[in-house]
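K.L.:
Residue strings, one per chain:
Protein chains: 2
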Amino acid sequence: MPGPVIVLVRPQLGENIGKAARAMLNFGLTELRLVKPRDGWPNPSAGPSAAGADIVLDQAKVFETTADAVADCQHVYATTVRKRGVTKPVVAPDEAARLMHSETGRHAILFGREASGLGTDDVALARYILTVPINPEFGSLNLAQAVILTAYEWSRIGREFNADIDLVQPTAEDETLPPAPQSELEGLINHFEQLLDPRGYFLPEARSDVTRRTLRSVLTKPNWNHLEVRTLRGILTTLGRDRRD
Amino acid sequence: MPGPVIVLVRPQLGENIGKAARAMLNFGLTELRLVKPRDGWPNPSAGPSAAGADIVLDQAKVFETTADAVADCQHVYATTVRKRGVTKPVVAPDEAARLMHSETGRHAILFGREASGLGTDDVALARYILTVPINPEFGSLNLAQAVILTAYEWSRIGREFNADIDLVQPTAEDETLPPAPQSELEGLINHFEQLLDPRGYFLPEARSDVTRRTLRSVLTKPNWNHLEVRTLRGILTTLGRDRRD
Numbered sequence: 538m539p540g541p542v543i544v545l546v547r548p549q550l551g552e553n554i555g556k557a558a559r560a561m562l563n564f565g566l567t568e569l570r571l572v573k574p575r576d577g578w579p580n581p582s583a584g585p586s587a588a589g590a591d592i593v594l595d596q597a598k599v600f601e602t603t604a605d606a607v608a609d610c611q612h613v614y615a616t617t618v619r620k621r622g623v624t625k626p627v628v629a630p631d632e633a634a635r636l637m638h639s640e641t642g643r644h645a646i647l648f649g650r651e652a653s654g655l656g657t658d659d660v661a662l663a664r665y666i667l668t669v670p671i672n673p674e675f676g677s678l679n680l681a682q683a684v685i686l687t688a689y690e691w692s693r694i695g696r697e698f699n700a701d702i703d704l705v706q707p708t709a710e711d712e713t714l715p716p717a718p719q720s721e722l723e724g725l726i727n728h729f730e731q732l733l734d735p736r737g738y739f740l741p742e743a744r745s746d747v748t749r750r751t752l753r754s755v756l757t758k759p760n761w762n763h764l765e766v767r768t769l770r771g772i773l774t775t776l777g778r779d780r781r782d
Numbered sequence: 538m539p540g541p542v543i544v545l546v547r548p549q550l551g552e553n554i555g556k557a558a559r560a561m562l563n564f565g566l567t568e569l570r571l572v573k574p575r576d577g578w579p580n581p582s583a584g585p586s587a588a589g590a591d592i593v594l595d596q597a598k599v600f601e602t603t604a605d606a607v608a609d610c611q612h613v614y615a616t617t618v619r620k621r622g623v624t625k626p627v628v629a630p631d632e633a634a635r636l637m638h639s640e641t642g643r644h645a646i647l648f649g650r651e652a653s654g655l656g657t658d659d660v661a662l663a664r665y666i667l668t669v670p671i672n673p674e675f676g677s678l679n680l681a682q683a684v685i686l687t688a689y690e691w692s693r694i695g696r697e698f699n700a701d702i703d704l705v706q707p708t709a710e711d712e713t714l715p716p717a718p719q720s721e722l723e724g725l726i727n728h729f730e731q732l733l734d735p736r737g738y739f740l741p742e743a744r745s746d747v748t749r750r751t752l753r754s755v756l757t758k759p760n761w762n763h764l765e766v767r768t769l770r771g772i773l774t775t776l777g778r779d780r781r782d
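Protein chains in written order, with this note's numbering: chain A, 538 to 782; chain B, 538 to 782.
Hints listed in this document are in silico derivations from the structure and should not be mistaken for laboratory results.
Misleading hints may appear alongside valid ones.
Treat identical chains as interchangeable: a pair holds within one or across any two.
[Stated by the list, open to error] Calculated lysine to aspartate or glutamate pairs in the DMTMM-like style (CA-CA distance at most 25 Å, straight line):
| # | residue 1 | residue 2 |
| --- | --- | --- |
| 1 | K758 | E651 |
| 2 | K598 | E674 |
| 3 | K573 | E697 |
| 4 | K758 | E640 |
| 5 | K758 | D595 |
| 6 | K598 | D576 |
| 7 | K573 | D595 |
| 8 | K573 | E721 |
| 9 | K758 | D779 |
| 10 | K573 | E723 |
| 11 | K573 | E632 |
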């Protein structure tokens with residue numbers, strides 16, 4: 538299994554991007570993506586704090602939106618320190634690492650900006666909430682520390698899986714298709730919205746954002762594969778038609 | 538079990554002492570000991586980087602030698618990035634944490650100075666070598682990162698042991714609702730069929746059974762709960778309406 542993609546959403550200090558790169562490479566992760574880094578990219582402050590993890594910085598890719606950054610990923614995790622009022626499965630770093638080593642497809646972990654964390658819209662993109670169980674009276678985890686704990690667990694759990702490789706037989710799992718990439722899921726959600734909007738589903742306007750997020754969560758949960766998404770697109774095209782009788 | 542004592546041997550920068558204190562408190566560790574801190578103690582640089590973990594710094598004790606610092610401890614671990622040519626058991630952070638939660642007596646973890654790590658005499662004091670399994674081609678772990686990984690494992694393994702550690706637990710299932718009963722799922726499938734049938738979705742007739750089965754399996758897979766099914770029923774009712782524009 539390739540390691541997860543680490544996505545830093547609107548990071549502020551280049552120094553923290555460098556520290557995150559160092560934490561990643563310590564445990565063998567190399568794919569870094571940046572969504573709208575505040576000070577642009579490349580950032581000269583990143584290199585020194587990466588302490589030699591230049592390969593990670595050199596290969597980092599920049600995106601305009603979080604959705605673009607995870608468009609090719611099947612499994613998206615939103616890292617938050619505290620639980621939010623969202624109905625998504627909440628996993629700890631070790632549980633997330635087990636998913637990453639057992640579910641096919643690309644995995645991406647979103648980390649929010651230093652002070653404020655991920656925004657609601659970024660969290661809405663994710664299938665899982667990744668929360669580090671932390672001292673409730675002192676939950677001050679910085680960006681690089683959050684990255685190193687998830688990278689460490691990915692590496693540690695990977696050894697558990699490798700240790701078992703000789704014992705575990707290939708199963709029926711490889712016959713099922715992997716989940717569709719995020720871009721296909723976005724296409725499905727957009728299709729729903731295009732049909733629902735002119736029919737007044739997102740009214741009143743004041744509730745519109747909540748309604749859109751609910752729609753997104755309901756459609757994100759199933760983990761549909763490419764064929765299933767295609768079936769649903771066909772259903773929506775049919776529903777957009779007039780009745781024949 | 539009380540948490541392990543964290544012993545920083547000859548630390549150089551006050552800033553790193555502060556970061557180590559912060560990492561400790563994040564996972565509920567509070568007992569910090571310093572052996573010959575280079576710039577004396579208290580150190581005004583430590584406070585700001587502790588980011589609020591003042592209780593750890595305020596209670597920190599200073600010792601002249603490593604032997605003094607661990608004199609009251611039964612189990613001493615020497616943290617090293619690389620294994621040394623010493624004949625002691627080498628444990629990873631999770632294995633060390635298991636020992637800490639299962640062996641009675643006080644446990645102490647030694648961390649060396651930033652650049653050079655622990656000296657041979659310090660390692661000689663320890664019963665175990667604690668080594669973080671790290672990328673062999675990039676093993677650059679700083680002091681606070683080494684501390685946070687061991688503190689994290691102490692906390693994580695503690696939950697396995699059902700120790701009374703008051704941390705926020707990630708809850709995967711108990712907060713999310715159970716899947717909706719089959720009757721609700723049938724209601725949803727019927728609703729889809731009622732909308733799709735008059736629009737010709739199940740034609741040609743010869744393929745109708747297969748198409749219905751595909752629809753059913755796509756809608757069965759998600760395991761939607763009662764609220765999610767209700768949301769989807771609302772969506773279908775809306776889609777059955779005419780456009781407003």
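K.L.:
Against this structure, judge whether each hint is valid.
P.N.:
Here is what the structure says about each hint:
Taking the shortest alpha-carbon separations for K758 and E651, neither the intra-copy value of 28 Å nor the inter-copy value of 37 Å comes in at or below 25 Å. Proximity of K598 to E674 under the C-alpha cut-off of 25 Å is restricted to the inter-copy arrangement: shortest distance 23 Å between copies versus 36 Å within a copy. Taking CA atoms no more than 25 Å apart as the test, K573 paired with E697 passes in neither setting, with 36 Å inside one copy and 39 Å between copies. For the homomeric pair K758 and E640, the shortest alpha-carbon distances inside one copy (15 Å) and between copies (16 Å) are both at most 25 Å.
In this assembly of identical chains, K758 and D595 lie within 25 Å of each other by CA distance neither inside one copy nor across copies; the values are 34 Å within and 41 Å between. In this assembly of identical chains, K598 and D576 lie within 25 Å of each other by CA distance solely inside one copy; the values are 15 Å within and 41 Å between copies. Within a single copy, K573 and D595 get their C-alpha atoms as close as 17 Å, which meets the 25 Å cut-off; across copies the closest is 40 Å, which misses it. Within a single copy, K573 and E721 get their C-alpha atoms as close as 23 Å, which meets the 25 Å cut-off; across copies the closest is 43 Å, which misses it.
Taking the shortest Cα distances, K758 and D779 never come within 25 Å of each other, neither inside one copy (29 Å) nor across copies (28 Å). Taking identical chains as interchangeable, the C-alpha atoms of K573 and E723 lie at most 25 Å apart only when both belong to the same chain, with a minimum of 20 Å there against 45 Å between chains. Within a single copy, K573 and E632 get their C-alpha atoms no closer than 29 Å, and across copies no closer than 40 Å, so neither meets the 25 Å cut-off.
Figure legend: structure checked against the earlier numbered hints; hints not met, in rising order: 1, 3, 5, 9 and 11.
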